[in-house]
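Chain by chain, the residues run as shown.
Protein chains: 2
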Amino acid sequence: MKSFDTIVVGGGFAGIAAARELYKSKQSFLVLEARDRLGGRVHSSKVLNGADIELGGQWIGPGQDLMYQLVEEFGIETYRTYDTGKAVLDLNQRIKTYSGLIPKVDPLSLYYIDRTIKRLDKFAATINLDAPWSHPKAHDWDSMTLESFLQKYVRTKKALKIMRAGMETVMACSTAEISLLHVLFYIKSGKDINTLLSIENGAQQDRIKGGMQSIIESMAKPFMDKIHFENPVRHIEQHDDGCIVHTPSGTFLARKVVVAIPPVLAGRIRFSPSLPIAKRQLFQKIPMGIVVKCYAFFDRPFWREKGFSGEVVTDENCPYQTIFDNGSPHAPYGVIMGFSLAQRASELMKFSKEERKQKMIEWLERYFGAEARNVMHYEDKCWADEEYSQGCYVGYFPPGVWTHYKDEIRKPSGHIHWAGAETATIWNGYIEGAVRSGIRAAQEILSTDG
Amino acid sequence: MKSFDTIVVGGGFAGIAAARELYKSKQSFLVLEARDRLGGRVHSSKVLNGADIELGGQWIGPGQDLMYQLVEEFGIETYRTYDTGKAVLDLNQRIKTYSGLIPKVDPLSLYYIDRTIKRLDKFAATINLDAPWSHPKAHDWDSMTLESFLQKYVRTKKALKIMRAGMETVMACSTAEISLLHVLFYIKSGKDINTLLSIENGAQQDRIKGGMQSIIESMAKPFMDKIHFENPVRHIEQHDDGCIVHTPSGTFLARKVVVAIPPVLAGRIRFSPSLPIAKRQLFQKIPMGIVVKCYAFFDRPFWREKGFSGEVVTDENCPYQTIFDNGSPHAPYGVIMGFSLAQRASELMKFSKEERKQKMIEWLERYFGAEARNVMHYEDKCWADEEYSQGCYVGYFPPGVWTHYKDEIRKPSGHIHWAGAETATIWNGYIEGAVRSGIRAAQEILSTDG
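Taken in sequence, the protein lines are chains W and B. What the first sequence shows, in our numbering, is residues 1 to 450, in sequence order. What the second sequence shows, in our numbering, is residues 1 to 450, in sequence order.
One or more of the hints may lead you astray.
Note that the list lumps identical chains together, so a pair holds whenever it fits in one copy or between two copies.
[What the hints assert, rightly or not] Only pairs whose alpha carbons sit at most 25 Å apart, straight line, appear in this in silico DSS-like list of lysine-lysine:
{"no.": "1", "residue 1": "K191", "residue 2": "K137"}
{"no.": "2", "residue 1": "K152", "residue 2": "K137"}
{"no.": "3", "residue 1": "K406", "residue 2": "K350"}
{"no.": "4", "residue 1": "K191", "residue 2": "K26"}
{"no.": "5", "residue 1": "K359", "residue 2": "K96"}
{"no.": "6", "residue 1": "K152", "residue 2": "K122"}
{"no.": "7", "residue 1": "K104", "residue 2": "K118"}
{"no.": "8", "residue 1": "K359", "residue 2": "K406"}
{"no.": "9", "residue 1": "K96", "residue 2": "K191"}
{"no.": "10", "residue 1": "K137", "residue 2": "K221"}
{"no.": "11", "residue 1": "K406", "residue 2": "K26"}
{"no.": "12", "residue 1": "K411", "residue 2": "K353"}
{"no.": "13", "residue 1": "K152", "residue 2": "K2"}
{"no.": "14", "residue 1": "K406", "residue 2": "K381"}
Hint data in this document are derived by calculation from the structure and do not stem from the laboratory. Small disclaimer: the values here were computed from a predicted structure and weren't measured.
Modelling step: build the complete structure from the supplied sequences, incorporating the hints.
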């Protein structure tokens with residue numbers, strides 16, 4: 001059996017960020033990755049003889065400082081997400097177009113949307129990101145769902161529908177499933193709601209030339225020989241002086257282990273002796289969101305010619321909460337991407353891929369005209385369908401979990417340290433958060449090594 | 001590889017009830033059980049040279065018709081749970097005693113408790129147990145936690161504390177974690193709140209001489225040779241004409257499989273091809289409750305001599321939401337059992353067993369006097385600590401799950417059928433529900449076989 005200072009479980013951005021710190025500190029280490037590729041919930045691929053397609057995480061935006069540092073370090077080019085022209089709002093089977101951030105609805109609905117966003121931002125600003133459970137109102141906020149909050153403060157149905165579509169696009173779960181306290185934590189973690197929802201000056205501002213996966217490949221390049229692919233970890237034994245890590249194709253020794261995968265997947269690894277009860281309960285209580293990214297490729301972005309930005313916000317009649325122009329200036333194609341999330345995603349996945357394609361054509365035709373019928377290529381990716389993700393963007397906290405388990409999500413368990421976007425305090429759920437969590441876990445190990 | 005008509009995964013009451021139906025129908029079958037014993041979340045043991053101790057499920061009560069049928073069929077004796085004398089209420093660090101069902105609190109708190117129970121019962125009565133998601137108010141009720149409901153209708157702090165202790169004892173999770181719709185379903189599934197909370201005429205009325213596990217042992221007796229112990233199922237392959245079931249010690253073939261384990265454990269089995277997305281999401285979204293049963297044994301039930309029934313209801317200052325006299329007329333000992341549930345259980349388990357024992361002595365002394373110091377034996381059982389349960393009594397539905405996934409919990413997946421207390425419509429979460437679920441799953445298989 002080969003022996004290492006540290007074994008990293010998971011070759012996503014958290015795991016590779018951790019490995020990079022260990023590499024810089026000249027530790028011996030090994031990364032065990034279940035898939036045959038790096039990136040985890042980031043997966044850049046190609047279609048149509050070379051057009052980029054981002055099947056997973058794809059954007060960076062202001063405030064994600066480590067991501068911009070990585071981009072600069074590796075000389076990777078970024079480009080702006082297309083954001084010119086009028087947006088579409090599809091509510092109660094009526095389509096309206098609008099410019100700017102403010103959707104065209106009645107003044108009362110606008111008032112409620114504005115007031116609710118301000119209230120969420122104001123509450124969020126008071127959260128301590130290192131300890132959301134310590135807030136004087138933590139128990140109240142963690143006892144209710146986001147939906148209970150919305151129903152209390154949003155008094156028109158239209159405003160409620162818009163808030164749901166927006167918050168579901170941010171959280172990838174239904175407003176009924178998630179703790180208000182967690183939403184407030186998540187908002188603060190990424191600054192504020194406008195930052196999370198926006199393209200310009202927001203979390204969707206910039207894209208990566210060559211695909212997001214090129215960043216992690218650059219990060220891992222110096223130590224690719226230390227990454228074992230197709231090595232899902234099934235069992236971790238802890239002993240006084242280290243760990244034994246079992247995969248179907250080998251057994252490895254290490255003094256320390258970084259587990260850099262979502263909680264639900266960590267719960268499927270066997271640990272001997274058992275982890276503390278609170279940790280095991282937590283693994284049951286942080287389910288993954290559900291996202292299907294649905295792509296239609298055209299010979300050109302015909303909607304731009306008609307003055308559309310490609311952005312659409314819809315109500316529950318449409319399979320996609322939000323739609324974006326996801327084209328790149330480096331390829332001639334027109335690319336539209338629909339986010340189908342939460343319950344709408346589960347419903348969409350009951351249809352065959354061909355049926356999903358037909359649905360997308362119908363909805364795009366409705367929004368942008370008959371040219372939508374000339375789709376060259378359809379592709380979609382349901383992240384709940386991936387054995388080694390079980391969902392996207394991130395594990396979310398239902399009510400009662402933050403105040404019950406407190407710092408358990410990040411607390412080391414003997415020789416085992418925990419990373420992953422779910423453990424991040426800043427940009428929780430984002431690639432930036434994953435990178436930060438990996439660095440933090442590596443630093444825990446490096447500091448205990450004296 | 002040996003081949004069978006059906007393989008049953010799990011030797012709890014659901015699995016053995018299914019196996020019994022298959023046995024009666026002369027099917028060939030095999031039960032694969034991870035532990036070295038039958039019973040799952042029921043575990044009857046012995047302490048002190050032969051005194052019975054029920055570490056898991058232990059009671060039956062009126063309405064649990066199949067359990068009484070089983071008891072009669074096997075000639076097993078039952079006895080009444082001890083229920084004579086005054087109960088104790090410990091609120092805001094003040095102890096009061098009372099007789100009957102109505103705790104001694106101020107009239108306004110009593111009014112709120114009574115009104116809230118009636119309201120929950122009234123709403124529960126309108127639920128269709130086969131389809132709780134179909135209720136006109138299902139979305140409203142599933143969008144909120146039980147705690148949100150209580151905070152709306154219970155306007156005194158004392159009443160709120162009593163309602164929380166009662167409902168946490170019934171549900172084994174915090175009122176903040178659970179969907180109101182699921183609570184209403186659960187109440188109706190077991191008739192009404194008083195039935196779930198009561199000893200006499202309630203779900204805690206009767207106990208089993210020789211222990212609850214003796215029932216399942218009688219059920220399984222004719223086919224013990226068909227049960228493989230210490231065979232945790234790790235992987236189930238589905239093919240056109242049947243399944244291949246893998247355990248560390250063998251591989252087995254069957255036309256059909258009954259998976260009779262909690263959803264969270266089903267999620268830890270690998271399925272090839274993958275199960276439908278909705279099923280896999282559901283496995284992430286039904287966490288187990290958490291219960292520690294804490295026992296103190298004395299040479300005699302000294303509290304009875306002082307006129308106490310042994311029943312205590314407490315607020316969050318005490319590690320046990322509720323305490324019961326758990327003695328049997330067949331042994332001379334005095335036996336007190338405290339239920340530590342939800343957050344109080346997680347907190348309690350941070351202490352060593354010796355510390356937990358000292359805690360119990362202190363609290364019992366507070367309630368029943370100095371004789372509590374003469375404890376002969378202390379034993380406790382944390383069900384979240386069991387690898388093959390991961391919690392108790394049952395998996396619960398957080399907000400948004402019932403209305404999102406609807407009948408997915410019971411829907412067969414190809415050759416795989418689903419049983420377990422979580423899938424029951426009548427007495428969900430109880431042993432009676434587990435038995436009913438096993439019979440239902442077996443009937444699904446027997447009916448498709450024509």
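Right, here's what the structure says about each hint:
| no. | hint | in the structure |
| --- | --- | --- |
| 1 | K191 <-> K137 | within (20 Å within a copy, 36 Å between copies) |
| 2 | K152 <-> K137 | both (17 Å within a copy, 17 Å between copies) |
| 3 | K406 <-> K350 | between (37 Å within a copy, 14 Å between copies) |
| 4 | K191 <-> K26 | neither (35 Å within a copy, 64 Å between copies) |
| 5 | K359 <-> K96 | within (20 Å within a copy, 65 Å between copies) |
| 6 | K152 <-> K122 | both (16 Å within a copy, 24 Å between copies) |
| 7 | K104 <-> K118 | within (19 Å within a copy, 45 Å between copies) |
| 8 | K359 <-> K406 | between (43 Å within a copy, 23 Å between copies) |
| 9 | K96 <-> K191 | neither (30 Å within a copy, 50 Å between copies) |
| 10 | K137 <-> K221 | neither (46 Å within a copy, 55 Å between copies) |
| 11 | K406 <-> K26 | neither (34 Å within a copy, 53 Å between copies) |
| 12 | K411 <-> K353 | between (42 Å within a copy, 22 Å between copies) |
| 13 | K152 <-> K2 | neither (58 Å within a copy, 60 Å between copies) |
| 14 | K406 <-> K381 | between (33 Å within a copy, 24 Å between copies) |
In this structure, the hints that do not hold are numbers 4, 9, 10, 11 and 13, in rising order.
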